[in-house]
Structures are given as structure tokens and as C-alpha cells.
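Trainee: Residue numbers (my numbering), protein chains in the order written: chain U, 34 to 144; chain S, 10 to 124.
Just so you know, the hints here were simulated from the structure itself, not pulled from any lab data. Beta carbons: idealized from backbone N, C-alpha and C, even for Gly. Heads up, some of the hints might be wrong.
[Stated by the list, open to error] Reference listing, derived: stretches of chain U covered by chain S, where coverage requires no fewer than 3 residues with Cβ under 8 Å from a Cβ of chain S: (1) 75-88; (2) 122-128; (3) 131-144.
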Amino acid sequence: DQQVKQNSPSLSVQEGRISILNCDYTNSMFDYFLWYKKYPAEGPTFLISISSIKDKNEDGRFTVFLNKSAKHLSLHIVPSQPGDSAVYFCAAGNSNYQLIWGAGTKLIIKP
Amino acid sequence: GAGVSQSPRYKVAKRGQDVALRCDPISGHVSLFWYQQALGQGPEFLTYFQNEAQLDKSGLPSDRFFAERPEGSVSTLKIQRTQQEDSAVYLCASSFRGGPTDTQYFGPGTRLTVL
Numbered sequence: 034d035q036q037v038k039q040n041s042p043s044l045s046v047q048e049g050r051i052s053i054l055n056c057d058y059t060n061s062m063f064d065y066f067l068w069y070k071k072y073p074a075e076g077p078t079f080l081i082s083i084s085s086i087k088d089k090n091e092d093g094r095f096t097v098f099l100n101k102s103a104k105h106l107s108l109h110i111v112p113s114q115p116g117d118s119a120v121y122f123c124a125a126g127n128s129n130y131q132l133i134w135g136a137g138t139k140l141i142i143k144p
Numbered sequence: 010g011a012g013v014s015q016s017p018r019y020k021v022a023k024r025g026q027d028v029a030l031r032c033d034p035i036s037g038h039v040s041l042f043w044y045q046q047a048l049g050q051g052p053e054f055l056t057y058f059q060n061e062a063q064l065d066k067s068g069l070p071s072d073r074f075f076a077e078r079p080e081g082s083v084s085t086l087k088i089q090r091t092q093q094e095d096s097a098v099y100l101c102a103s104s105f106r107g108g109p110t111d112t113q114y115f116g117p118g119t120r121l122t123v124l
């Protein structure tokens, strides 16, 4: 039973356009959500997070939106750059520090 | 400063062999996590240390898996009598305070292949 789902295994976006990565969750007890980025042969790197008390968090080109009623969050990257090509993981947690991860979405930025 | 390092980066073991995977966290980080990542999946939590105390080992898949952090810094994940289903990337992460919203910093992982 996957509590965190990323339904798109891959996404291809033109350089300069907006990339939108989606994530759905089932456990309403999650109270914070994170996005990590992973390059091949490296460990995941923290990108941005959002608390369940917010519906939006922005950091430079990256914005995360949270829709609690739909149990859905999304990561927007604007504008997309070649260096953004990576696998993006959505993760969720609560007060017990365990993170539950999605399977990842591979983002490919086309020149 | 140095990030989280893991060794070896790659390990090939014959079924039934014991393996030991090492993690060097960021200096001063209180918390240390081990994850298992199967091909095409996200990381799955294995165990959590706060300093030398193993506070949660609920994710360890069987009693063949054992982790320790005796001095509150370096950690070792040991897998006894390896099986083919143990083949995965094993990721280690550390965080400064260990709180639930503390950023976890990951090492590059150890890719274990069991033949």
C-alpha cells in the first residue's frame, strides 16, 4: 500500500518552460512534505519543503503547492534549466521523523 | 565541509555471504538514518540513530540486518547470509538535530549486488 505516489515515471520539458511534478498521498496524518532531487550515482539532495499548515512555499525558481483536501502536492520549476534534469522524489513525514517516499519522477529538460 | 560518505560504493556478494556497509556522517550531526532503495523505487526507511542510541529499527526487513553506531559517529549496516532480494542501493543520511523536519543529508549510497 503506497502512501506516497508519483504517478509519472518521467517527464520531458523544453528548456525555459515550466516543469510541474506531481505527488499524491493517502495518509492525512502527514504534516510536512519534501522534495528531493537526485543525480545518477549521487544521493538525494534536499530541494524544498512545505508544512501542512501552508499551501505554498517558494524558493527561487522552485515552488511547492499543497492541496490538503485533494491530498496532492506539486513542484513547479520556472524556468526549467538543463541542470534540472534529474530524478525528483516526493517524501512525506510526521512527528516520528520517518519519511515515506514516492518512487520518483525522471525530469528531462530538452534544449 | 565534507558531506556524508559511504563505503564501499559498490559491493558484489555471493548468496550467503555477510557484508558490512559503512557510513561516515557529517561531523556533529546527531541523527543518522539508513535507507534501502530498490531499483525504480524511492528510499525505504530501515533504521534511525540519535547519537549512539538506535531509536527505531522497525524498517529492518529481517533479523539478518543489523546496524550499529557505537561512538555516535560512524555507523555500520551489516547484512548476514545475504539473499538475492537484498540487492539494492543502501543510503545513509545524517541530520544536525534529528528533529522530524530537520534536513537529511544523504551519502552517495552503496550498491549491493547479491549473486
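Trainee: Taking the hints in turn, state whether each one holds.
Mentor: Hints, verified against the model:
1. 75-88: holds (count 7)
2. 122-128: Satisfied; 5 residues make the cut.
3. 131-144: holds (count 7)
Of the numbered hints given earlier, the model fails none.
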